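Just need the whole structure built from these sequences, with the hints factored in.
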Amino acid sequence: MYGLFFGDSITYGEYDGVFGGWVDILKRYALQKYNEGSKELIIFNLGIGGETTEGLVKRISSEMAARNSDEGNIIFLGYGANDLAVKEDNYLVNPEKFRENILKAVQEAEKYSPIIYLISILPIAEKLDGIITASGKLRTNDEVLVYNQILKQIAKENSLNYIDFHSAFLQDKEILLSEDGIHPNEKGYGIMAEIAIPIIEKYL
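With the UniProt record's numbering, the residue at position 86 of the sequence shown is 86, and numbering never jumps.
Everything labelled a hint here was simulated from the structure, so no lab data went into it.
Model, not experiment: these values are computed from the prediction.
Just so you know, not all the hints are guaranteed correct.
[What the hints assert, rightly or not] Each computed DSSO-like pair below joins lysine-lysine, with the alpha-carbon atoms no more than 27 Å apart:
id, residue 1, residue 2
1, Lys173, Lys27
2, Lys87, Lys137
3, Lys202, Lys33
4, Lys137, Lys58
5, Lys152, Lys202
6, Lys152, Lys58
7, Lys39, Lys111
8, Lys104, Lys156
9, Lys58, Lys33
10, Lys152, Lys137
11, Lys39, Lys202
12, Lys152, Lys87
13, Lys111, Lys97
14, Lys156, Lys58
15, Lys111, Lys27
16, Lys127, Lys58
17, Lys173, Lys152
18, Lys33, Lys137
19, Lys58, Lys27
20, Lys202, Lys187
21, Lys58, Lys104
22, Lys27, Lys152
Take a look at the structure:
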């Protein structure tokens, strides 16, 4: 069985020089379990830094076709942190288009698997909330809630699974996010892995 993790730099594991991010922790965990006699779950980290759902829609079909397992697939979609960013008064991907893109990706994913997880967007640090960064992008925690609500709604309407990392970070975000205020640090990625391990356990 394959675990396919689509997403942006938070899926990729940026800023984690210790563990390589939460997906890589899961990859090592699944391999260890396989060596101990569990079923084989091969995890592919398909995160691309800076990607929005526009990129996801363009590549999900070819990525899935290239990595489709006869034993079945589990598909994870982790998007929104870049989509909701505002640059020069425009969203990178506005909420309506975000919904449309996620639904398109889900339809494509469903051709390969009924097991699909939508992943919540993390909160951002207070120092970054509503501030224009050096890259010219502005993000707010209010928008994070709006986009997460879209993901929750899609999950509910389409009987998909929803992983709520947002709630796990909310109280302690200032110590779980890295210096840039967007990406988790090693501790934050560790928390994400802790939440995700019981999920992949079901398939081991």
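To see whether the hints hold, each was checked on the structure:
For the given pair, Lys173 sits about 25 Å from Lys27 by alpha-carbon distance, which is consistent with the 27 Å threshold. A C-alpha spacing of about 5 Å is found between Lys87 and Lys137, which places the hinted pair at or below 27 Å, so the restraint holds. Between Lys202 and Lys33, the direct Cα distance comes to roughly 12 Å. Compliance with the 27 Å bound is thereby established for this hinted pair. The hinted pair formed by Lys137 and Lys58 meets the criterion: a straight-line CA distance of about 23 Å does not exceed 27 Å.
For the suggested pair Lys152 and Lys202, the alpha carbons sit about 22 Å apart, so the restraint of at most 27 Å is met. Note on Lys152 and Lys58: the hinted pairing holds, with a Cα-Cα distance of about 23 Å set against a maximum of 27 Å. Among the hinted pairs, Lys39 with Lys111 is consistent with the structure: their alpha-carbon atoms are about 23 Å apart, no more than 27 Å. Distance restraint check for Lys104 and Lys156: the Cα-Cα separation of roughly 16 Å lies within the 27 Å cut-off, and the hinted pair is therefore satisfied.
Note on Lys58 and Lys33: the hinted pairing is violated, with a Cα-Cα distance of about 34 Å set against a maximum of 27 Å. Proximity of Lys152 to Lys137 is assessed by CA-CA distance (about 25 Å); at most 27 Å being required, the pair is judged to hold. This hinted pair checks out: Lys39 and Lys202 have alpha carbons roughly 10 Å apart, not beyond 27 Å. About 25 Å separates the Cα atoms of Lys152 and Lys87, which keeps this hinted pair within 27 Å; it holds.
Proposed proximity of Lys111 and Lys97 is supported: the alpha carbons are some 22 Å apart, at most 27 Å. About 25 Å separates the Cα atoms of Lys156 and Lys58, which keeps this hinted pair within 27 Å; it holds. With a C-alpha separation of about 24 Å, the suggested pairing of Lys111 with Lys27 holds against the 27 Å cut-off. This hinted pair does not check out: Lys127 and Lys58 have alpha carbons roughly 34 Å apart, beyond 27 Å.
A C-alpha spacing of about 21 Å is found between Lys173 and Lys152, which places the hinted pair at or below 27 Å, so the restraint holds. Our distance criterion of 27 Å between C-alpha atoms is broken by Lys33 and Lys137, whose separation comes to about 41 Å. At most 27 Å may separate the alpha-carbon atoms for a hinted pair to count; Lys58 and Lys27 meet this at roughly 25 Å. For the hint pairing Lys202 with Lys187, the CA-to-CA distance comes to about 24 Å; that is within 27 Å, so the pair holds.
Proximity of Lys58 to Lys104 is assessed by CA-CA distance (about 10 Å); at most 27 Å being required, the pair is judged to hold. Proximity of Lys27 to Lys152 is assessed by CA-CA distance (about 26 Å); at most 27 Å being required, the pair is judged to hold.
The structure does not agree with the numbered hints 9, 16, 18 stated previously, though it agrees with the rest.
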